[in-house]
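Residue numbers (the numbering used here), protein chains in the order written: chain A, 1 to 123; chain B, 1 to 107.
It is worth saying that the hints were derived from the structure and are not from the lab.
Where hints are given, some of them may not hold.
[Stated by the list, open to error] DSSO-like mimics (lysine-lysine), calculated; alpha carbons at most 30 angstroms apart, straight line:
#1 Lys67/A / Lys31/B
#2 Lys31/B / Lys3/A
#3 Lys3/A / Lys45/B
#4 Lys92/B / Lys67/A
#5 Lys45/B / Lys67/A
#6 Lys92/B / Lys3/A
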Amino acid sequence: EVKLVESGGRFVRPGGSLRLSCAASGFTFSDHYMDWVRQAPGQGLEWVGRIRRRSNGFSTDYGASVKGRFTISRDDSRDSVFLDMDSLQIADTALYFCARVFVRGNHFFLDSWGQGTLVTVSS
Amino acid sequence: DIQLTQSPSFLSASLGDRVTITCRASQDISKFLIWYQQRPREAPKALIYGASILQSGVPSRFSGSGYDREFTLTISGLQPEDFATYYCQQSKANPVTFGQGTRLEIQ
Numbered sequence: 001e002v003k004l005v006e007s008g009g010r011f012v013r014p015g016g017s018l019r020l021s022c023a024a025s026g027f028t029f030s031d032h033y034m035d036w037v038r039q040a041p042g043q044g045l046e047w048v049g050r051i052r053r054r055s056n057g058f059s060t061d062y063g064a065s066v067k068g069r070f071t072i073s074r075d076d077s078r079d080s081v082f083l084d085m086d087s088l089q090i091a092d093t094a095l096y097f098c099a100r101v102f103v104r105g106n107h108f109f110l111d112s113w114g115q116g117t118l119v120t121v122s123s
Numbered sequence: 001d002i003q004l005t006q007s008p009s010f011l012s013a014s015l016g017d018r019v020t021i022t023c024r025a026s027q028d029i030s031k032f033l034i035w036y037q038q039r040p041r042e043a044p045k046a047l048i049y050g051a052s053i054l055q056s057g058v059p060s061r062f063s064g065s066g067y068d069r070e071f072t073l074t075i076s077g078l079q080p081e082d083f084a085t086y087y088c089q090q091s092k093a094n095p096v097t098f099g100q101g102t103r104l105e106i107q
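Extracted from the complex, chain A is given alone in its bound form (with noise of 0.2 angstroms):
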């Protein structure tokens, strides 16, 4: 069974810094891209980024809120991803989701999903 664990969100200043973690199990994590995506209170669904596998150098992409100012990075000998979210605003108020990239012929899509960290930034 494909699981993903996010944890690492809690309360942080604006300003502040953060560093999420997703935890994955039951699938090769190394063969897959992972994308982080988050959804403010009562709101809709924003894509904050990506990152391939080994085959592809790594090599991530952002969207345009949070470029510049978080870094998604991995670790294929922990089945783990991450992102580190500097200079926080508190429109970053989210619950942040990481997800796994199925990729079936051209087609990418986020095939599981984990349940969600909270992270709010007030002050």
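Fit chain B to the known structure of chain A by using the hints.
Same frame as chain A, but now just chain B:
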């Protein structure tokens, strides 16, 4: 960035009804469109990818269609567990973007 606009934003329907949700893209995305369902206090779940391909395990009452800029998700014969929020997402280009969501409620 590619913008996705869903309509309606809110939909009220009854058990057994057939409903359709539309997602319009700001530019051509071919068939790189995914639909997700999110029930309250749950993570999203992929229903359809490639605009019309049913994800494994998803009931056949869900169907998707469309190409280029306009896409639809249809649910035929609403069941209690279908009352949720639905999102479209494009995977044509980075950054990945989502529609704003359509909330489907029981009438």
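Verification of the supplied hints:
no.	hint	in the structure
1	Lys67/A / Lys31/B	27 angstroms, holds
2	Lys31/B / Lys3/A	29 angstroms, holds
3	Lys3/A / Lys45/B	14 angstroms, holds
4	Lys92/B / Lys67/A	19 angstroms, holds
5	Lys45/B / Lys67/A	26 angstroms, holds
6	Lys92/B / Lys3/A	27 angstroms, holds
The structure shown violates none of the earlier numbered hints.
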